[in-house]
Each structure stands twice: as C-alpha cells, then as structure tokens.
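Enquirer: Offset between the sequence shown (1-based) and our numbering: plus 10.
Hints are computed from structural coordinates only; laboratory data are not their basis.
Label pairs and their in silico Cβ distance ranges: (1) 69 <-> 48: 24 to 30 Å; (2) 17 <-> 137: 29 to 35 Å; (3) 153 <-> 71: 20 to 26 Å; (4) 147 <-> 86: 36 to 42 Å; (5) 149 <-> 76: 18 to 24 Å; (6) 137 <-> 21: 23 to 29 Å; (7) 151 <-> 83: 18 to 24 Å; (8) 132 <-> 44: 15 to 21 Å; (9) 42 <-> 124: 16 to 22 Å; (10) 151 <-> 68: 19 to 25 Å; (11) 137 <-> 76: 27 to 33 Å; (12) 83 <-> 33: 20 to 26 Å; (13) 35 <-> 78: 38 to 44 Å; (14) 128 <-> 76: 34 to 40 Å.
A virtual CB, placed ideally from N, CA and C, is assigned to each residue, including glycine.
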Amino acid sequence: MVDVGAKRPTARCAVARGRVRLAPAAFAGLAGGELAKGDALAVARLAGIQAAKRTAEWIPLCHVVPLDHVEVEIELDRRRHTAEVTARAAARHSTGVEMEALVAVSAACLALYDMLKALDRAITIESIELVRKEGGRSGSWKRPAG
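Throw the hints in and build the complete structure from the sequences for me.
Expert: Below, the structure written as structure tokens:
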C-alpha cells in the first residue's frame, strides 16, 4: 500500500462510465419497469453507491477514502438497447477517488445484469473506463475523445 500520509488533503473528483448491452426484450423490460425483481434502475444506483463506499474491501491495497459524495446515473439508449452507467465520486483526501468511481460503475452494471438475467443471459458489460479525474498532485485528466 502506498504511503499517502505526507500528502496534504485536497479536493478530489473522478467520473467513470460503463455500458450494459441488452437484448431487445430485456431492454423493454428495463425501460418499462416491468421486472419481477422490481426497479432495476434504483437497485443499480444503490448498488453503485454502496460499492463505492466499500471500495477498499473490493480492491486489495486500496486506501479507505471517506467519500463526500457519490452519484450514479443510468441513461437508456432505446436505439442501441444499452444502459450507460456514469458514476461520480468526490472526497477531500490525500489520495484520489478513481477506484471508487470505477467500482461504483462496475457494481451498478453487475446489479443490472442480476436484475435482468432471467430475460437475457447474453447481457454484455462493456467499456468500463475512467472519464476524468480532478485534484491531487497530478492535477486534472480527461479521456481523449474517440
């Protein structure tokens, strides 16, 4: 584990995203809120927030970061039959929150899979990636377009 004790706390923020690709019938069930297990979008948002708060338990050698804010948004694309999950994590700490944002997206995507697997076993989770990060010694970074 990296020693961050000498680093001064600064405002940190990270945004990550991922995509869940569904069969048309599963997408219709998700978009229509007609799932036997309940509201998949609400469950996925909560799963992402809960996972972000427990990132150090998921990822070995990851610091416990007291998060100030976590939000998870899910946007449905009817044309592509996808759910795009975006998570934003923020903290005032001596290490970044990139892992917290990435773990939030991963957990939200997995929760969607769990809620929809009865309708589509071939669900694909794809493109989990850091979009941007701000704060810390290295400053800001943004994923290049393309």
